[in-house]
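Protein chains: 2
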Amino acid sequence: MKAEIIAVGSELLLGQINNTNARYLSAGLAELGISVHFHTVVGDNPGRLEEAIRIAESRADLLIFTGGLGPTKDDLTKETIARHAGARLVYDDEALVSIRAWFDRMGREMTDNNKKQALILEGATVLQNHHGMAPGMLFASGSRHYLLLPGPPKEMEPMFTVQAKPNLARLAGFSGPIASRVFRFYGIGEAELEHRMSDLLDNQTNPTLAPLASDGEVTIRATAKAKTVEEAAGLLDGAEAEIRKIAGQYLYGYDEETLVSKAASLLIGNGLTISAAESLTAGLFMSELAEQPGISAALTGGVVTYTADSKKEQLGIPAALLEEKGVVSEETASAMAKAVREKFGTDYGVGLTGAAGPDPHDGKPGGTVWVAIASGEEMRTRELLLSGMRNTNRIRAVKSAMHMLIRMIGDTSVRDN
Amino acid sequence: MKAEIIAVGSELLLGQINNTNARYLSAGLAELGISVHFHTVVGDNPGRLEEAIRIAESRADLLIFTGGLGPTKDDLTKETIARHAGARLVYDDEALVSIRAWFDRMGREMTDNNKKQALILEGATVLQNHHGMAPGMLFASGSRHYLLLPGPPKEMEPMFTVQAKPNLARLAGFSGPIASRVFRFYGIGEAELEHRMSDLLDNQTNPTLAPLASDGEVTIRATAKAKTVEEAAGLLDGAEAEIRKIAGQYLYGYDEETLVSKAASLLIGNGLTISAAESLTAGLFMSELAEQPGISAALTGGVVTYTADSKKEQLGIPAALLEEKGVVSEETASAMAKAVREKFGTDYGVGLTGAAGPDPHDGKPGGTVWVAIASGEEMRTRELLLSGMRNTNRIRAVKSAMHMLIRMIGDTSVRDN
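First to last, the protein sequences are chains Z and P. All residue numbers for the first sequence refer to full-length UniProt numbering, where the first residue is 1 and numbers rise by one. All residue numbers for the second sequence refer to full-length UniProt numbering, where the first residue is 1 and numbers rise by one.
In case anyone wonders, no lab produced these hints; they're calculated from the structure. Heads up, a few of these hints could be off.
Repeated chains share a single entry, so a pair holds when one copy, or any two copies, can fit it.
[Said to hold, decoys possible] Cross-link-like lysine-lysine pairs, in silico, BS3-like; alpha carbons within 27 angstroms at most:
1. 2 to 364
2. 73 to 225
3. 73 to 245
4. 165 to 245
5. 227 to 116
6. 2 to 154
7. 154 to 364
8. 312 to 338
9. 73 to 2
Just chain Z, with the same shape it has in the complex (with noise of 0.2 angstroms):
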């Protein structure tokens, strides 16, 4: 089964926003082996639409549209899908209640455009939207099928993965499995890995292999196919091996596992607490720890110390010390860790100082970086130079931070046990 994915918008075509559904439908036609050949934006307009679904139907078995099922005169997509394939429209009860619901709970009058939004295909598969007003539908004429779903990521998101994806499945004949694991690296560049690998990623054929750099990480997909999920994971966990072998070191974790996700399961699972000093990050390293669900139990707090003054009056980072070695050096991090580790009484203490760039701070470089990570045992700092833009580097600093953490937590219960 092949698909086309085609947005419907003219915002996307004036570059005001990304086409962040087509990524997301995409991965989760992947995981149903549903090939994706073509992505397609069009504006609100009928005639280059329908040249749009016309092309698409002569490449593609399933057609997934997103956008255009809004209330005003500009949403066309259900309309020109039902001339083009000569089906009617027709009023969906469900969803005009529930849209009659969702003006009531707004305490507003619901307006006669906004009925237009419960009209579907005739015979169509209705999906009803739980996170806003326009029903999505699922709808077969001749041999293929058209998926059509809201354009806000909210109400697409869910609606694709809960309603529409075990309908596709079906479609797709899946019975799997097909089976798939990301590796993810950190501090060994693409071309690095993929010229190691390249023997591997020159003979792949199942598991495939696909590598992919973003952000000063690199992942590698493998994705198997088989004829029992054991076999399906026996596959993968045959490609791990090879891979373990060539680049095992910088292996720190998989699929939607990341570099803050992994430092706070370690510091939550471990029982271990953690404050921060932050100086060019500002805040960044913290606040990325507590997007983490659970994260309470390990965060206690932290200080931002931005200027020199305060790294002396918040920290007691004696003036001497800044003056002889400077702001942006091993000392300076090493002393911030360790300072902001007794006040806040925890197992861990980081501290991150540095020029973030373009321009030199204190001396140093624009990109130079030092992070610091002091136990109860022991003090571990590593120097960064980075080349980015200022804020690339804040986030290669933050990256860098966790990934020692990771390393150090890891060498520790290793130890323990």
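We have chain Z; now place chain P onto it with these hints.
Below, chain P alone, put in the same frame as chain Z:
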């Protein structure tokens, strides 16, 4: 002139990354008055890429490609265009020198496959890559133009804006002026704003008005076409006067301004300093401010007090107050704002406490947030009842605090004058 943007890369069809390039390019083309009617995404497959080229040639004068210019076997964009257009590929000496220099800087051996990146379509205008290796090119064949750009946004964006855009402006016979102005609103929903502006939106011709909602903010982009710059600016001023009449109290900024950049520039411009005590946001308020260049003049630092104990120990919030009023309360937020302001000796102190959600926290439902801002003369507080996911609520809390700060500095500087 009509354009189509064709992104080449299987990673896009697998849902591994978003096609952010299409957005960036579309916004840039809109500024030149070049209409974009379609975006297409196609995988690293020469047959399907050629099909996409044929279709695009039937409906566009300018084909813009991103991706597929790299060194690997999967990179096929220029090879496919060359075959399709009957053009030769030749080495570009400058690109070759630049690729060699890149490897020299990295201290690594240049492998043969990297040489392929210096191949260009014979007769094309070469766009050198100052942020990577593969050059771009602008190529003419028949009545059509083909712009080839690298896939990584860090390489593509400057190459497009600095090198390609002036060339495209000439091709499009761009005599201008098309002027646009983005109006930024906070505190009003998209539906409510559109409702108030319905007459204006229905009768728009020049300037055109395009509303857009994202993440709790709403913007309206006004685009005017005229014979002179002055005339275009006059048309925009006229639209602004109308918009101010309808929703002036919600308008906080223009164009690329954000709540954060506006808050930062007001702080810096007025020589004011700020500190923050953050609980649910855990450093996000300070970190967002720190993204702004020049902020070290204003941001002194602050404290993250994630636990109740740290609020007592680090900020001296009385246990009785936390007990009686609760951690999530107007009184606690105010006490945090006051304490951090005194501790760091700043003009403003911000306190943020709340239940990020989804679970209740300290008896308050998830999404309940209190923001307080203390200055020497006054204390302002605001309660938010948010319904988003955990991180959406944290981001909204920060935006609301930035908005309060903008108002507070604005009111004070008006009063002082």
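Status of each hint after checking the structure:
no.: 1; hint: 2 to 364; in the structure: neither (54 angstroms within a copy, 49 angstroms between copies)
no.: 2; hint: 73 to 225; in the structure: between (46 angstroms within a copy, 24 angstroms between copies)
no.: 3; hint: 73 to 245; in the structure: between (59 angstroms within a copy, 25 angstroms between copies)
no.: 4; hint: 165 to 245; in the structure: neither (37 angstroms within a copy, 47 angstroms between copies)
no.: 5; hint: 227 to 116; in the structure: neither (46 angstroms within a copy, 41 angstroms between copies)
no.: 6; hint: 2 to 154; in the structure: within (26 angstroms within a copy, 32 angstroms between copies)
no.: 7; hint: 154 to 364; in the structure: between (44 angstroms within a copy, 25 angstroms between copies)
no.: 8; hint: 312 to 338; in the structure: both (13 angstroms within a copy, 21 angstroms between copies)
no.: 9; hint: 73 to 2; in the structure: between (31 angstroms within a copy, 24 angstroms between copies)
The structure shown violates the earlier hints numbered 1, 4, 5.
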